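Q: Residue numbering for the sequence shown follows this note's numbering, starting at 1 and increasing by one per position.
Hints are computed from structural coordinates only; laboratory data are not their basis. A quick note: this is a predicted structure, and the numbers were derived from the prediction, not measured. Cβ coordinates follow ideal geometry from the N, Cα and C atoms, glycine included. Any given hint might turn out to be false.
[Said to hold, decoys possible] What follows is a list of derived Cβ distance ranges for each label pair:
1) P36 / G74: 17 to 23 Å
2) F68 / A17: 36 to 42 Å
3) G74 / D2: 32 to 38 Å
4) T22 / D81: 29 to 35 Å
5) A20 / E40: 25 to 31 Å
6) L77 / G23: 37 to 43 Å
7) K70 / D2: 40 to 46 Å
8) G49 / R18: 20 to 26 Å
9) Q44 / S78: 21 to 27 Å
10) V5 / D66: 28 to 34 Å
11) L77 / D21: 39 to 45 Å
12) D10 / S78: 17 to 23 Å
13) R64 / A17: 29 to 35 Å
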Amino acid sequence: YDLVVAAGGDEIHDVPARLADTGMSVQPVQVDLRTPEGVEHLFQSTIEGGRVLSAAALNAGVGRGDMFLKGDLGDDLSIVDLNV
1 YDLVVAAGGD EIHDVPARLA DTGMSVQPVQ VDLRTPEGVE HLFQSTIEGG
51 RVLSAAALNA GVGRGDMFLK GDLGDDLSIV DLNV
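Whenever a hint applies, use it, and build me the whole structure from the sequences.
A: And the structure:
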């Protein structure tokens with residue numbers, strides 16, 4: 001399979017070089033998947049040029065390592081936005 005890989009940080013642009021020896025085409029997309037616009041951007045990037053999606057492995061997520069009551073509500077809501 002050819003790959004479309006997504007992440008919010010700049011490091012996503014390093015992925016094609018790291019996977020170059022696989023022979024796959026790797027398209028990095030830097031995107032914030034917590035927003036509807038980000039999800040739409042990833043979708044459009046995936047199908048551009050008439051590409052047909054054959055399979056998807058979705059694993060967007062973040063972690064927070066503190067007691068719930070000590071955490072920041074904004075951080076918690078950001079996790080909800082990503083997962084919904």
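Q: Of all the hints numbered above, which does this structure not satisfy? Sort the numbers upward.
A: none
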